[in-house]
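Use these hints to put chain B onto chain A, whose structure you have.
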Amino acid sequence: MSADEFDPMIERLFAQSPRLADEALFLATLQARMEKQSRWRVLALTAAGLVGGALAIREGLSVNFAPGGETTLDQGIRAAAATAQGAAQSGLDSLGVGSVDLSSGTGVLAFWIVAGAMAAVLAAGAARLSQDV
Amino acid sequence: MVKTLRDFHDVELAAQAAAGGRREYGELVRRHGSAVRGLLRRMGATPSLSDDVAQDAFLQGFQRCSEFRGQGTFAGWIKKIAARLYLKRVAKEARYVAEVETDQADVVVDRGGLMDLDDALKTLNETERVCVSLCHGAGMSHPEIAAAMNLPLGTVKSHVKRGLDKLRARLQPAQGDGRSIHVG
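Here the protein sequences line up with chains A and B, keeping their order. The opening position of the first sequence corresponds to residue 1 in full-length UniProt numbering, with each subsequent residue numbered one higher. The opening position of the second sequence corresponds to residue 1 in full-length UniProt numbering, with each subsequent residue numbered one higher.
Don't take every hint at face value.
What the simulated footprint calls covered on chain A by chain B, stretch by stretch (three residues with Cβ under 8 Å from a Cβ of chain B suffice, anywhere in the stretch; the number is not a length) [unchecked claim]:
id: 1; region: 7-13
id: 2; region: 20-27
id: 3; region: 30-43
Simulated pairs of lysine-lysine, DSSO-like, Cα-Cα distance not exceeding 27 Å [unchecked claim]:
id: 4; chain 1: B; residue 1: K80; chain 2: B; residue 2: K161
id: 5; chain 1: B; residue 1: K122; chain 2: B; residue 2: K88
id: 6; chain 1: B; residue 1: K80; chain 2: B; residue 2: K157
id: 7; chain 1: B; residue 1: K92; chain 2: B; residue 2: K122
id: 8; chain 1: B; residue 1: K88; chain 2: A; residue 2: K36
id: 9; chain 1: B; residue 1: K157; chain 2: B; residue 2: K122
id: 10; chain 1: A; residue 1: K36; chain 2: B; residue 2: K80
id: 11; chain 1: B; residue 1: K161; chain 2: B; residue 2: K122
id: 12; chain 1: A; residue 1: K36; chain 2: B; residue 2: K92
It is worth saying that the hints were derived from the structure and are not from the lab. On a predicted model such as this, the values are computed, not experimentally measured, just so you know. Backbone N, C-alpha and C define an ideal beta-carbon position, used for all residues, glycine too.
Chain A extracted, bound-state conformation (with noise of 0.2 Å):
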């Protein structure tokens, strides 16, 4: 038999695949992986949502509605910009460049700089990833 005739046969015989005994046993399983799967994404966002809410309806309580007065929102992010700022120098420290100041203007800069690239190639990994399978 040559090549020609013979790789069409082979694919034929894949193709044939028997019917297995268990295939409704098989089916019943996965429905089940199914549901159990869609009950924790509902209750994931749920959670999620009521978290969410939650702090929305917090900050919206807290606000401070004085003319020129700061807002608990302002005060918040500049506490977590300044977390941010900490912890980056801290780690260009411990890279040796430690004589870059991220107060400074170019400081700033170059921080936003490489969160960005940062930020890219996490996005790319991501994207890798998911089209990985």
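For chain B alone, kept in the frame of chain A given last:
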């Protein structure tokens, strides 16, 4: 006349499954479940592992159903997902190496007719069996197989060729007598 799920084409069912239709997806699983599990077993998976990987593949297929737009068959699409998942699972268990010594079990060849494909595949070593199954069972190209198995393209090509040569020797109709003989 009312159409039942069995009347729909795979592409229609997949489109409805992409919109969340679990019953439609169930019909696709009913149609192709055995084929996917069969392919994994032909690749060398044990029945329980093949069922486990096939379940994961179908779960992933449901989540990614919108990516299937009818280029090729649904069976081919889901088989590729399953085959890749199986390779990952095997790689994780470090069971898989580039070169595996042939461990041919005694295989009874029925010279009266054709040897069964499943039995013939058992005469191949693990790498050859996986390569041939991916190529002819899952419809993957040689470069796709090389990428999935992390093997050089040339190595994949030789595994497929060697595997096919062995299968050809086992599967082609007997020229001589009709007795059963042992190979291996």
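Verification of the supplied hints:
Taking a C-beta to C-beta cut-off of 8 Å, the region 7-13 of chain A contributes 5 residues in contact with chain B, enough for the three needed, and the coverage statement holds. For the region 20-27 of chain A, the proposed coverage by chain B is satisfied: 4 residues have a C-beta within less than 8 Å of a C-beta in that chain, meeting the threshold of three. Three residues within the 8 Å Cβ limit are the bar, and the region 30-43 of chain A against chain B gives 5, so the coverage statement holds. Of the supplied pair hints, the one linking K80 of chain B and K161 of chain B holds, its CA atoms being roughly 20 Å apart against a limit of 27 Å.
The suggested pairing of K122 of chain B with K88 of chain B holds, with an alpha-carbon distance near 21 Å, which does not exceed 27 Å. A C-alpha spacing of about 18 Å is found between K80 of chain B and K157 of chain B, which places the hinted pair at or below 27 Å, so the restraint holds. Proximity of K92 of chain B to K122 of chain B is assessed by CA-CA distance (about 23 Å); at most 27 Å being required, the pair is judged to hold. The straight-line distance between the Cα atoms of K88 of chain B and K36 of chain A is roughly 24 Å, inside the 27 Å bound, and the hint therefore holds.
Straight-line distance between C-alpha atoms of K157 of chain B and K122 of chain B comes to about 19 Å, which keeps the hinted pair within the 27 Å bound. Of the supplied pair hints, the one linking K36 of chain A and K80 of chain B holds, its CA atoms being roughly 25 Å apart against a limit of 27 Å. In summary, the hint linking K161 of chain B to K122 of chain B is supported, as the alpha carbons are separated by about 16 Å, within the 27 Å threshold. Taken as a hint, the K36 of chain A and K92 of chain B pair is honoured in the structure, with Cα atoms around 26 Å apart against an allowance of 27 Å.
In this structure, every one of the numbered hints holds.
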